[in-house]
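Number of protein chains: 4
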Amino acid sequence: MRNTAVLSIVCPDRKGLVAAIANFLLAHDANILHADQHQDREAGLFLMRVEWDLSGFDLPMTAFEAAFTPIAAAHQMRWRVALSAFKPRMAIFVSQRDHCLADLLYRYHAGELHCAIPLIISNHADTRWLAETYQIPFHLVAVTKENKAAAEAEQQALLTAQAIDFVVLARYMQVLSPAFIAQYPQRIINIHHSFLPAFHGAKPYQRAFERGVKLIGATSHFVTETLDDGPIIEQDVTRISHRDDLDDLVQKGADLEKVVLSRAVRWYIDNRILVYGNKTVVFD
Amino acid sequence: MRNTAVLSIVCPDRKGLVAAIANFLLAHDANILHADQHQDREAGLFLMRVEWDLSGFDLPMTAFEAAFTPIAAAHQMRWRVALSAFKPRMAIFVSQRDHCLADLLYRYHAGELHCAIPLIISNHADTRWLAETYQIPFHLVAVTKENKAAAEAEQQALLTAQAIDFVVLARYMQVLSPAFIAQYPQRIINIHHSFLPAFHGAKPYQRAFERGVKLIGATSHFVTETLDDGPIIEQDVTRISHRDDLDDLVQKGADLEKVVLSRAVRWYIDNRILVYGNKTVVFD
Amino acid sequence: MRNTAVLSIVCPDRKGLVAAIANFLLAHDANILHADQHQDREAGLFLMRVEWDLSGFDLPMTAFEAAFTPIAAAHQMRWRVALSAFKPRMAIFVSQRDHCLADLLYRYHAGELHCAIPLIISNHADTRWLAETYQIPFHLVAVTKENKAAAEAEQQALLTAQAIDFVVLARYMQVLSPAFIAQYPQRIINIHHSFLPAFHGAKPYQRAFERGVKLIGATSHFVTETLDDGPIIEQDVTRISHRDDLDDLVQKGADLEKVVLSRAVRWYIDNRILVYGNKTVVFD
Amino acid sequence: MRNTAVLSIVCPDRKGLVAAIANFLLAHDANILHADQHQDREAGLFLMRVEWDLSGFDLPMTAFEAAFTPIAAAHQMRWRVALSAFKPRMAIFVSQRDHCLADLLYRYHAGELHCAIPLIISNHADTRWLAETYQIPFHLVAVTKENKAAAEAEQQALLTAQAIDFVVLARYMQVLSPAFIAQYPQRIINIHHSFLPAFHGAKPYQRAFERGVKLIGATSHFVTETLDDGPIIEQDVTRISHRDDLDDLVQKGADLEKVVLSRAVRWYIDNRILVYGNKTVVFD
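Protein chains in written order, with my numbering: chain A, 1 to 284; chain B, 1 to 284; chain C, 1 to 284; chain D, 1 to 284.
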């Protein structure tokens with residue numbers, strides 16, 4: 001298990017930023033393991049992710065904020081520090097189709113996802129067996145047009161009680177309210193079963209089939225108020241042909257959805273995703 | 001050089017179609033080299049492409065239509081027969097960006113495209129040197145808002161004079177009129193620099209960059225009255241990252257456009273594309 | 001559930017083959033759903049897969065062999081007919097790494113694999129929980145240098161007792177003896193964690209890492225006497241970079257192995273794979 | 001046109017390297033445009049590429065070496081600085097197949113390759129027309145078993161006379177002698193028409209066809225004394241099927257070769273490739 005810290009920074013681009021951070025870390029004897037940075041020329045922004053070994057780092061992490069704040073303030077940085085020893089608490093929302101859930105739970109079990117999963121919430125009982133297999137508490141919260149507000153309140157209470165850090169919509173087929181989304185800014189990850197912005201909204205495979213495209217795709221993105229419009233984290237596609245009927249698209253697409261969502265979740269947990277405007281930088 | 005014939009068929013699906021065609025060909029001692037078929041269950045359609053060696057085939061091709069018509073009529077076939085010895089006559093339309101034109105001309109020169117290219121038409125003089133390198137007649141037809149109808153008439157006259165079979169828009173940046181398009185149904189191939197239906201219309205790379213997609217694409221399609229909406233022939237994508245600025249997208253996209261357009265053109269020449277509804281079947 | 005039959009044929013290429021088969025099927029009122037054929041010019045071979053609806057087919061399948069044998073004999077066909085209603089019986093061999101097993105079992109559960117799985121055999125107990133989750137009998141057969149012959153005899157007895165049709169080696173880390181392999185010609189499917197023929201044999205990821213390749217791959221193939229040398233069924237690759245260490249290769253490779261193996265298994269079950277020489281044709 | 005400098009560094013990994021370089025650049029008022037670094041944990045190495053704007057940089061580049069040498073010496077750096085204004089001088093070697101040459105020359109003409117091409121050397125006259133089209137001096141140097149040493153001496157003299165910086169083997173079908181290669185360490189780029197290490201040596205497409213692989217590839221690499229064994233710069237693959245005969249493999253492969261070689265050449269010119277051991281890091 002790595003014992004490291006990750007510092008993520010977004011700020012106006014200017015001279016001396018790399019030196020400022022490198023000197024700060026060196027002053028505390030940090031051994032830098034990875035450092036990635038990016039300048040968005042058009043936006044005039046500097047983005048950086050730096051990870052260092054905590055063994056030998058002579059600044060207690062409890063004192064980090066106080067020590068780093070002057071530098072951050074001097075350069076107008078939006079910043080965040082995360083410890084690799086910390087396991088973020090992930091809630092999974094799912095409906096009836098279970099392939100993404102099964103994939104995430106297997107990866108969790110296999111140690112690929114460094115997180116805790118205190119709960120699964122579903123509006124159907126179909127996936128309860130998977131939750132039980134992996135011994136994750138399963139909460140059935142039925143959602144209808146009539147009870148939607150109450151259902152969200154119940155979901156929200158469950159998330160709060162478990163101190164959930166981020167939510168993954170693993171083919172959850174309900175639209176969340178703006179109020180709910182606002183509670184988890186850039187902390188709700190969805191998988192959409194098309195190559196966005198193509199076929200946003202309902203029935204993307206059906207529409208892809210009808211349009212006669214030669215590739216189908218999947219997109220993981222942060223959820224914002226506008227449906228299927230949030231910052232894209234990852235996309236991938238696969239080739240189809242006239243020999244594939246709609247069922248084949250759904251099956252080939254399911255394999256895409258699994259890998260695209262799991263990459264997004266892993267990158268989120270590893271603090272590799274920086275959001276700015278409506279875009280992401282993923283430092284791999 | 002192959003001396004073969006290709007028969008393409010679209011008709012309502014029913015029993016006995018394969019036998020009817022196989023028996024007809026066998027009766028004339030055909031040696032079948034390739035046969036591909038497809039049933040579209042939903043549309044109730046049967047599509048077939050069959051290619052046979054003409055050496056030993058005892059039906060003169062001049063008599064083919066008369067001999068095959070009864071079978072075609074009995075099964076309500078839309079059909080076409082093409083000879084591999086025939087070189088279809090292709091016109092290329094281009095504007096200023098020349099990468100697709102240069103790629104097509106090189107492939108033509110290298111023997112990859114079994115066609116004739118009697119003319120290149122452009123609304124700019126920039127690509128004249130390429131036409132001269134490969135000794136293709138180059139026609140400059142300026143297009144403005146005011147002279148559009150006259151320009152199209154001039155283009156049409158050039159195509160007619162050269163008995164052009166099909167037209168390739170190799171990044172031609174003018175929209176053709178419905179009347180012009182109607183002259184060449186399913187015989188005008190365009191390359192659009194996005195993964196359609198995403199980013200149809202103007203400035204697709206710019207919009208892809210702004211949307212923050214993780215892959216960019218290119219689409220070749222037949223031109224219909226509705227912009228960027230015709231039957232898709234081929235698509236492909238390539239991965240981009242935050243390290244790619246808009247210029248990088250344009251450059252990476254250019255490589256995609258070249259291969260996607262050249263595949264469509266080769267398949268068209270080889271009679272591999274069958275259109276039905278707003279879709280294509282490409283028998284590879 | 002489809003109620004169809006699939007006829008697979010390999011024979012010397014000659015005129016009249018398609019007509020012979022089409023006429024035979026038409027004579028019994030078959031409704032052909034799919035037909036694919038291939039001519040290997042160099043080898044002088046004709047390969048065909050044809051699938052038809054059994055509802056309305058007026059030849060009882062019990063009488064098929066007698067009825068078709070004259071045609072097969074006349075054209076020296078190696079042939080096989082399979083019923084889609086039949087579920088082939090698959091045994092899975094596995095060692096400690098469980099990602100391919102977990103993937104196959106999930107797909108089996110989800111209805112993607114139309115087969116029975118009467119048993120899982122392993123030389124380690126690690127994957128017993130997966131077998132129990134999906135309620136598949138699990139057999140621990142320890143293998144050492146000393147007991148190898150006895151272990152294979154035990155495995156063979158288990159396969160025979162369950163009337164196993166084909167065997168899948170889902171990262172089974174033991175080499176099977178030629179005698180064992182000879183019992184299941186073209187009926188043992190292995191997944192090798194490299195892009196064969198590169199890195200055949202042991203430790204392919206390690207060697208890929210050391211060689212500095214820019215893509216890693218996975219290969220599913222039929223097992224023959226020569227290690228990693230049997231007919232290739234499917235391959236795929238994924239991009240890596242200097243940012244990926246050996247652990248990353250193993251993890252990225254695991255995702256490849258899963259999809260490449262599951263495609264091979266599904267194609268095998270659907271009777272899509274024809275073997276000739278040391279190659280396969282996969283009719284998709 | 002950018003007016004930038006690129007500093008490339010390989011050295012033993014230790015604390016303070018980023019700070020040392022950032023402070024050096026900041027002290028001279030550099031505006032860093034890109035910075036990428038990599039730690040190879042196993043090899044204990046630190047690799048960095050940093051690019052900065054020369055406008056405002058207050059250290060004359062003529063004084064750079066003297067100013068930077070103390071830092072380099074203190075950290076045992078192998079380093080190199082390059083100016084984007086400098087156009088490296090590239091020689092292209094080619095035999096009869098001209099697709100890679102045509103592609104490089106078109107890209108050069110289109111401004112994609114920031115280099116000079118003072119000469120093309122071939123052992124055949126076939127590509128002279130391409131050289132003339134793009135107005136590059138063409139030198140025919142016939143190579144036989146008997147005259148090989150003399151031919152290489154003639155080639156060497158041509159390269160020296162033109163102060164060639166690096167050599168691109170664009171499907172040059174002769175093996176260069178160790179003595180020749182030693183003159184251009186990590187400065188000769190070859191394209192091999194397979195996914196190395198599979199099918200190194202002669203006739204890779206033929207052998208891929210015989211082995212029945214499902215994907216074919218291409219590899220660009222630096223040339224070393226051992227054939228097809230030097231550090232790999234880039235690789236890519238494309239899918240093939242049983243429908244592709246050997247000619248199709250050659251044609252599909254040609255498209256791969258073009259893009260794989262052109263990427264390697266562009267990265268080389270942009271100083272993005274760092275070699276260590278027998279591997280490369282490509283900072284994209």
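The set of hints was computed from the structure by calculation and includes no laboratory data. Hints should not be assumed to be uniformly reliable.
No copy is singled out in the list; a pair is fine if it fits within one copy or between any two copies.
Said to hold, decoys possible - Calculated cross-link-like contacts (lysine-lysine; reagent style DSS-like; alpha-carbon spacing at most 27 Å): (1) Lys15 with Lys279; (2) Lys252 with Lys203; (3) Lys87 with Lys203; (4) Lys15 with Lys252; (5) Lys148 with Lys203; (6) Lys279 with Lys145; (7) Lys148 with Lys87; (8) Lys279 with Lys203; (9) Lys203 with Lys145; (10) Lys148 with Lys252; (11) Lys87 with Lys279; (12) Lys252 with Lys87.
Given the structure is predicted, the values throughout are model-derived calculations rather than measurements.
key: Unmet hints by their number, sorted upward, for this structure   = Result: hints 3, 4, 6, 7 and 10 break, sorted rising.
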